[in-house]
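So the protein lines, in turn, are chains C and U.
The first sequence: position 172 = 172 (full-length UniProt numbering), numbered continuously.
The second sequence: position 173 = 173 (full-length UniProt numbering), numbered continuously.
Calculated from the structure, these hints are not laboratory results.
A few of these clues could be false.
In this list, chains with the same sequence are indistinguishable; a pair is considered to hold if it fits within one copy or across any two.
No farther apart than 20 Å at their CA atoms in a straight line, the calculated lysine to aspartate or glutamate pairs in the DMTMM-like style are these [stated by the list, open to error]: (1) 195 x 14; (2) 142 x 242; (3) 195 x 153; (4) 206 x 246.
Protein chains: 2
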Amino acid sequence: MTRYKAIIAYDGTDFAGFQIQDNGRTVQEELTRVLLRLNSGLAVKVHGSGRTDSGVHALGQVVHFDLPQVRDAEKLRFALDTQTADDIDVLSVDLMSDDFHSRFNTHSKTYQYRVNTSRAKNPLTRRFSYHFPKIIAFDEMKTAAALLVGRHDFSGFTAAGATVTDKVRTITQVDVVRVKDEIHFVFSGNGFLYKQIRNMVGTLLKIGAGKWRAERISEILLAENRDLAGPTAPAHGLCLMEVRYED
Amino acid sequence: MTRYKAIIAYDGTDFAGFQIQDNGRTVQEELTRVLLRLNSGLAVKVHGSGRTDSGVHALGQVVHFDLPQVRDAEKLRFALDTQTADDIDVLSVDLMSDDFHSRFNTHSKTYQYRVNTSRAKNPLTRRFSYHFPKIIAFDEMKTAAALLVGRHDFSGFTAAGATVTDKVRTITQVDVVRVKDEIHFVFSGNGFLYKQIRNMVGTLLKIGAGKWRAERISEILLAENRDLAGPTAPAHGLCLMEVRYED
Numbered sequence: 001m002t003r004y005k006a007i008i009a010y011d012g013t014d015f016a017g018f019q020i021q022d023n024g025r026t027v028q029e030e031l032t033r034v035l036l037r038l039n040s041g042l043a044v045k046v047h048g049s050g051r052t053d054s055g056v057h058a059l060g061q062v063v064h065f066d067l068p069q070v071r072d073a074e075k076l077r078f079a080l081d082t083q084t085a086d087d088i089d090v091l092s093v094d095l096m097s098d099d100f101h102s103r104f105n106t107h108s109k110t111y112q113y114r115v116n117t118s119r120a121k122n123p124l125t126r127r128f129s130y131h132f133p134k135i136i137a138f139d140e141m142k143t144a145a146a147l148l149v150g151r152h153d154f155s156g157f158t159a160a161g162a163t164v165t166d167k168v169r170t171i172t173q174v175d176v177v178r179v180k181d182e183i184h185f186v187f188s189g190n191g192f193l194y195k196q197i198r199n200m201v202g203t204l205l206k207i208g209a210g211k212w213r214a215e216r217i218s219e220i221l222l223a224e225n226r227d228l229a230g231p232t233a234p235a236h237g238l239c240l241m242e243v244r245y246e247d
Numbered sequence: 001m002t003r004y005k006a007i008i009a010y011d012g013t014d015f016a017g018f019q020i021q022d023n024g025r026t027v028q029e030e031l032t033r034v035l036l037r038l039n040s041g042l043a044v045k046v047h048g049s050g051r052t053d054s055g056v057h058a059l060g061q062v063v064h065f066d067l068p069q070v071r072d073a074e075k076l077r078f079a080l081d082t083q084t085a086d087d088i089d090v091l092s093v094d095l096m097s098d099d100f101h102s103r104f105n106t107h108s109k110t111y112q113y114r115v116n117t118s119r120a121k122n123p124l125t126r127r128f129s130y131h132f133p134k135i136i137a138f139d140e141m142k143t144a145a146a147l148l149v150g151r152h153d154f155s156g157f158t159a160a161g162a163t164v165t166d167k168v169r170t171i172t173q174v175d176v177v178r179v180k181d182e183i184h185f186v187f188s189g190n191g192f193l194y195k196q197i198r199n200m201v202g203t204l205l206k207i208g209a210g211k212w213r214a215e216r217i218s219e220i221l222l223a224e225n226r227d228l229a230g231p232t233a234p235a236h237g238l239c240l241m242e243v244r245y246e247d
């Protein structure tokens, strides 16, 4: 068997997330279906670097899978790209050694959350940018974002019912930048808990709207109490930008 | 009666163009329907600065209309913005003097045409950017674009069946810029013929793909022959960015 790594992009709007499930169209299912056809009807298991929730987008999700033959990577990329639906694109395909695993090999991820801060909405970005025209304390919000960097127990920022017990994660970088009429929050780290980024963004937006001070972030991290954090920001503003593997 | 000017944006994907017609959903019809409701069921005529074709977007279309009362501009903007569908946004509303007319007052327009030149498509921009990964002669294409500037008979770049007889127009500026994995063509002028921009872009892309030299532009302008120009570029790459009025 030959192992392949693919970098894929998708518009999450019409997907019930990345991972195959009983109900709802998923990215993994779509890729599995196309690979089945390319592999003469033999099932191919598609492994993702991790899930993305329903409605979340990706410009740099990584998957791997095995095929019996060695194939030309660009021809395979083109076949996958053209046979998947319009809302999935296959950006690259590379042949890998057998020890590459998209999920288990050590990696870090970068997510971007886009917020449209202009008074009126923008019909061209409405599927990818959350409209929130209430930012009056940009600098305070930026200060708050910096408090998230480091190794912390992020219990206060994950969904209450999450099954993972160890909620310590490391955020290596947070950037908050203005790009025309948008604010982009960019988070990099070695893993994120369920809804963690959307809860962090929901909290940062409360601070940006002048409701709370930056110190609220430290209080939530210390108290490990989800009730202190802001609302979960909508899925459609979030996009998985990159998965970086060590070596 | 009080005259209002509104700047509107729309995602043209699901519209059969700006102008009301018998079949198909249009922007003008949507605005007319909402204004009817805001005006106690009395019909309000909506005048646009011009049409946009089916599938073409706008971030700065201008319309005007009259209402019997003087209303607060921001409240009216908010009412229009929230009552129109998700794919129309109302960016601003201003009270105007009675001699303002969105179409007949002298104005110039700026259009942008977006081309995604990366090898793979991008699912997040696919509705707004034409995927054309074949540009090998960017500088030649830029040289060609500059030849379009000025006062010319653009017969060679308009649809064969166009009804307008005078096909002389002035293009004041053409910019061709790389923005990440896209090329943006930006055209400003005092008016454009039916499908003129999409035909100019289709021709420029032929030049960018190395099929023709820049001089082809001058030949088409001189010959006034549509058969010499390139194919009409798809509607979804085009966006009306701004309508500027004199004074």
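**Request:** Check each numbered hint against the structure and report the violated ones by number, ascending.
**Result:** 2 and 4
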